[in-house]
Amino acid sequence: MQPLNRVDGGAIPLGLKNVDTDIIIPAKWLKTISREGLGAGAFETLRAEPGNVIDDPAYAGAPILIAGDNFGCGSSREHAAWALGDLGIRVVIAPSFSDIFSGNAVKNGILPVVLPQDAVDRLMDIARQGEPITVDLETLTVTTPYQDRFAFTLDPFRRDCLLNGLDEIDLTMARDAAIGAFETTRTSDQPWLMRGTAI
Amino acid sequence: MSKDVAITPNPMDAIMASRPRTLYEKIWDAHVVETRDDGTALIYIDRHLVHEVTSPQAFEALRVAGRPVRRPELTLAVPDHNLPTTPRRDANGAILPIADPQSAAQLAALEVNAPAFGIRYIPATAKEQGIVHVVGPEQGFSLPGTTIVCGDSHTACHGGMGALAFGIGTSEVEHVLATQTLLLQQSKSMEVRVNGDLGPGVTAKDLIMHIIGQIGAAGGSGYVIEYRGAVFERMSIEQRLTVCNMSIEAGARAGLIAPDAVTFAYLKGRPMAPAGADWDAAVAYWRTLHTDDGAAFDKSVVIDAATVEPSVTWGTSPEDVVAIGGRVPDPQDFADESKRVAVRKSLDYMGLTPGTAMTDVPIENVFIGSCTNSRIEDLRAAAAVLKGRHKADNVLWAIVVPGSGLVKAQAEDEGLDRIFTAAGFEWREPGCSACLGMNPDKVPPGERCASTSNRNFVGRQGPGARTHLVSPAMAAAAAVTGRLADVRLLGVTSNP
Numbered sequence: 629m630q631p632l633n634r635v636d637g638g639a640i641p642l643g644l645k646n647v648d649t650d651i652i653i654p655a656k657w658l659k660t661i662s663r664e665g666l667g668a669g670a671f672e673t674l675r676a677e678p679g680n681v682i683d684d685p686a687y688a689g690a691p692i693l694i695a696g697d698n699f700g701c702g703s704s705r706e707h708a709a710w711a712l713g714d715l716g717i718r719v720v721i722a723p724s725f726s727d728i729f730s731g732n733a734v735k736n737g738i739l740p741v742v743l744p745q746d747a748v749d750r751l752m753d754i755a756r757q758g759e760p761i762t763v764d765l766e767t768l769t770v771t772t773p774y775q776d777r778f779a780f781t782l783d784p785f786r787r788d789c790l791l792n793g794l795d796e797i798d799l800t801m802a803r804d805a806a807i808g809a810f811e812t813t814r815t816s817d818q819p820w821l822m823r824g825t826a827i
Numbered sequence: 026m027s028k029d030v031a032i033t034p035n036p037m038d039a040i041m042a043s044r045p046r047t048l049y050e051k052i053w054d055a056h057v058v059e060t061r062d063d064g065t066a067l068i069y070i071d072r073h074l075v076h077e078v079t080s081p082q083a084f085e086a087l088r089v090a091g092r093p094v095r096r097p098e099l100t101l102a103v104p105d106h107n108l109p110t111t112p113r114r115d116a117n118g119a120i121l122p123i124a125d126p127q128s129a130a131q132l133a134a135l136e137v138n139a140p141a142f143g144i145r146y147i148p149a150t151a152k153e154q155g156i157v158h159v160v161g162p163e164q165g166f167s168l169p170g171t172t173i174v175c176g177d178s179h180t181a182c183h184g185g186m187g188a189l190a191f192g193i194g195t196s197e198v199e200h201v202l203a204t205q206t207l208l209l210q211q212s213k214s215m216e217v218r219v220n221g222d223l224g225p226g227v228t229a230k231d232l233i234m235h236i237i238g239q240i241g242a243a244g245g246s247g248y249v250i251e252y253r254g255a256v257f258e259r260m261s262i263e264q265r266l267t268v269c270n271m272s273i274e275a276g277a278r279a280g281l282i283a284p285d286a287v288t289f290a291y292l293k294g295r296p297m298a299p300a301g302a303d304w305d306a307a308v309a310y311w312r313t314l315h316t317d318d319g320a321a322f323d324k325s326v327v328i329d330a331a332t333v334e335p336s337v338t339w340g341t342s343p344e345d346v347v348a349i350g351g352r353v354p355d356p357q358d359f360a361d362e363s364k365r366v367a368v369r370k371s372l373d374y375m376g377l378t379p380g381t382a383m384t385d386v387p388i389e390n391v392f393i394g395s396c397t398n399s400r401i402e403d404l405r406a407a408a409a410v411l412k413g414r415h416k417a418d419n420v421l422w423a424i425v426v427p428g429s430g431l432v433k434a435q436a437e438d439e440g441l442d443r444i445f446t447a448a449g450f451e452w453r454e455p456g457c458s459a460c461l462g463m464n465p466d467k468v469p470p471g472e473r474c475a476s477t478s479n480r481n482f483v484g485r486q487g488p489g490a491r492t493h494l495v496s497p498a499m500a501a502a503a504a505v506t507g508r509l510a511d512v513r514l515l516g517v518t519s520n521p
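As they're listed, the protein sequences go chains A and B. Each residue of the first sequence is one higher than the last, beginning at 629 in this note's numbering. Each residue of the second sequence is one higher than the last, beginning at 26 in this note's numbering.
Watch out, some of these pointers could steer you wrong.
Cut-off 27 Å, straight-line C-alpha distance, at most; resulting in silico cross-link-like pairs (DSSO-like, lysine-lysine) [to be verified]:
1. B:K152 x B:K293
2. B:K324 x A:K659
3. B:K213 x B:K324
4. A:K656 x B:K213
Which bits of chain B does chain A cover? Going by a derived footprint, with three or more residues having C-beta under 8 Å, they are [what the hints assert, rightly or not]:
5. 69–79
6. 171–179
7. 480–489
What follows is a list of derived Cβ distance ranges for each label pair [said to hold, decoys possible]:
8. A:E664 x B:D115: 28 to 38 Å
9. B:Q211 x A:I827: 26 to 36 Å
10. B:L421 x A:I827: 39 to 49 Å
These are computed hints drawn from the structure, not numbers from a lab. For glycine and all other residues, C-beta sits at the position ideal for the given N, C-alpha and C.
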């Protein structure tokens, strides 16, 4: 995973509430067996509308997306994170995120930043003016050229993974002995739980 | 990241066992392999369901890394999302090819990946095939007190069995395949307590839609919900699965109903359920799985069952719920500006005018199916309304998609298929179908569908499709009348 320390740049002021993962990437794009190239399908329905904010040249190349409450709700499809990553998005700022989406985002090097609605509204204004926004994961702050400074929190494990580009599977593979010990106890105490399909 | 971040065994175990705990805490505690000092826990996963859409990239990554599946017997693979619901064999019994090359490639990948990694695979042509969330409980693979995951958000469904079940992304699918664990933060707990009885003609689907309308699409974010109250104790497993299935539509990753005698009776004798002495040991354990008196929830919501009416959605979020006797809302009725904007956009997409009575909304399509409502009781409820009736002329397309081959066979034994076909419905093969339209079953642009599925998102049932979520009985009532309708006014008194 590509580490993320500080992201500096333009932001797309999407601003909608309850942006579900079907909106981020419609189901027909899920038929792929690859993680690549999903940016082409990102926000397909929204982008069919003339003058939509995603394709607005004013925000071309912006690494930040600003949205409303409950961003990424609905389907667990990680394709939503892959699609945003393929669009070049490294940070999404919103008042709240769905639990599954925020986990998927972090695993793909995308930082979900939770800020209160008034801070999000202010950043939407800054973004619309075409001014850059700085998101610093080291200091857990979002700042603007107008001296705005918003602090956010992120659970320390996720922050560590993003800052250092850590892969969760590698971390867990290193805990093989602990998992093995758990399985040994389980197999002895509740063998029926460990049989699964092997009845 | 040092190697000694973890504490094993957890010294809190003895203390935690002695204080009152919620059902969620009990299941969580029983699955903690170790806790990191940053609070993240390594949680053991007992059951993993795999389907063709969210697994190919995970299997490919394992292959590239040269990693095996740690516990293949704890994983069950079933194709469901892409499968056409038309016949799977020709008149001579030969397997028919899948027309869409992308769907075919994805299905073929699972068919290769599952056996290559030693995982039990139920093929599309087997009578046990179906939607993962129907198959898991039906096979006795989903058990009370287990942790169950699947690369599908409606995994919350299995909470109806008393399991801690939640949807995961593809990276987590890979994590579970490789390690049989996940790194998780414990969620907060929410109690949704329903007091009293549901009125006649009001179903589990109506109740969960009402609950989502009350707490909102983000109301459960960060929480695991436990549904409590006599209403849930009286529900069948099918009804409990319907309730827990839609927890994710309220933002909760998981929903739970405590296992009880109804759960045990449902499971006994299922192919993958424990048997003999194992059964007795399992039931003894399952009986401990309830929220202790005095256990504290982080949040409680109380609902009076008597206020719940047959429910229907008017917008493009599952929180856009109104009683069937209600009207399309006016954006001005909402206090929150962002919601007013969302409502305007929703009504524009849905082609609805504020103030319209919901029962004046005509529909052109009816879909009975999905992991929410495709089990035998759902089909019985719809058939009870349709018996001796026919769909209205303006209903152009009406299909029933049973949740599994076993549900389909049972429905045929009961004669339900003939009731559906006599009423003008198409009787299909099992799969996810028009719930999300990854297969050929889609609602045409601009047309409405009375759907027993779980999401009314923009484009969910096909580009431009307009979805109204309802219960199976209400979908049948809509088919018969050609508009959204109150099933209670159709005079249905018994099952067929």
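Going through the hints against the structure:
no., hint, result
1, B:K152 x B:K293, "holds, 20 Å"
2, B:K324 x A:K659, "violated, 39 Å"
3, B:K213 x B:K324, "holds, 8 Å"
4, A:K656 x B:K213, "violated, 34 Å"
5, 69–79, "holds (count 5)"
6, 171–179, "holds (count 4)"
7, 480–489, "holds (count 6)"
8, A:E664 x B:D115: 28 to 38 Å, "holds, 37 Å"
9, B:Q211 x A:I827: 26 to 36 Å, "holds, 31 Å"
10, B:L421 x A:I827: 39 to 49 Å, "holds, 46 Å"
Checked against the numbered hints given earlier, this structure breaks hints 2 and 4; the rest are met.
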